[in-house]
Structure formats: structure tokens, C-alpha cells
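Asker: Convert by adding 20 to the 1-based position in the sequence shown; the result is the number in the numbering used here.
If you are wondering where the hints come from, they were derived from the structure by calculation, not from laboratory data.
Warning: the hint list may mix true and false statements.
To be verified - Taking lysine-lysine pairs in the DSBU-like style, the calculated list, with each CA pair at most 30 Å apart, reads:
#1 K87 - K36
#2 K36 - K91
#3 K25 - K36
#4 K81 - K91
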Amino acid sequence: CDESKVCNIADCPQNKPVSVCFALDESGSVCSIGTSRNCDDLQNNAGEENAQCDYLNNCPKFNNSTKTFAKDIITSIHGVSGAEFSVVTFATNSNIDTGLTS
Numbered sequence: 021c022d023e024s025k026v027c028n029i030a031d032c033p034q035n036k037p038v039s040v041c042f043a044l045d046e047s048g049s050v051c052s053i054g055t056s057r058n059c060d061d062l063q064n065n066a067g068e069e070n071a072q073c074d075y076l077n078n079c080p081k082f083n084n085s086t087k088t089f090a091k092d093i094i095t096s097i098h099g100v101s102g103a104e105f106s107v108v109t110f111a112t113n114s115n116i117d118t119g120l121t122s
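Please put together the full structure from these sequences, using the hints given.
Answerer: Here it is as C-alpha cells:
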């Protein structure tokens, strides 16, 4: 039942529930330019020029690339029967941003 031929639906495997946990790194290194740096306090430095940290562009590696990837996967699993997801973030400490939900 890989859509390469017409087959009997009864021969296809049943969907199985899936649970996905996204663990997103919010440490200072996700904002660094080039070599990993400790770029802390984005909230107070957003929009500022800095030779080591991409505060000027609001840390696009995290705020665009990483978040977009997670959102795309979450949107995709909504079509899977019984799918659940959760989101945790971590840096110095961890936080449960979204508990297991469908």
C-alpha cells in the first residue's frame, strides 16, 4: 500500500499512535556567529550590534530555523491518528513549554 499500485485497504497496516517530544536548545550558543559563544540575554540585547552574537537579527538560527522546523513537524503530525507532542526548552535550566497534547 505504498501508492505504487491499487491494493486492498484491509492489507494495509493500521496507523499506530506516535508521541514526539521536542527538546529545544535555548542556550546562548544558538545565537552565536561562527564559533560557539555564550550569547545570553537575547531579550535585553535584541537589535543590538555584537561581533560574536547575532542579536541584531534576533538570533535567526534559533528563532527562524529551529522554531520553523519544530512547527512544521507539529503541523505534520496533526494528520496522524493518535499523534501527541510536547515541547521542552533548556539552557541553564529546563522548562516544559507544552505538556503531552494532541
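Asker: Please name the hints from earlier in the document that this structure breaks, with their numbers sorted from lowest to highest.
Answerer: none
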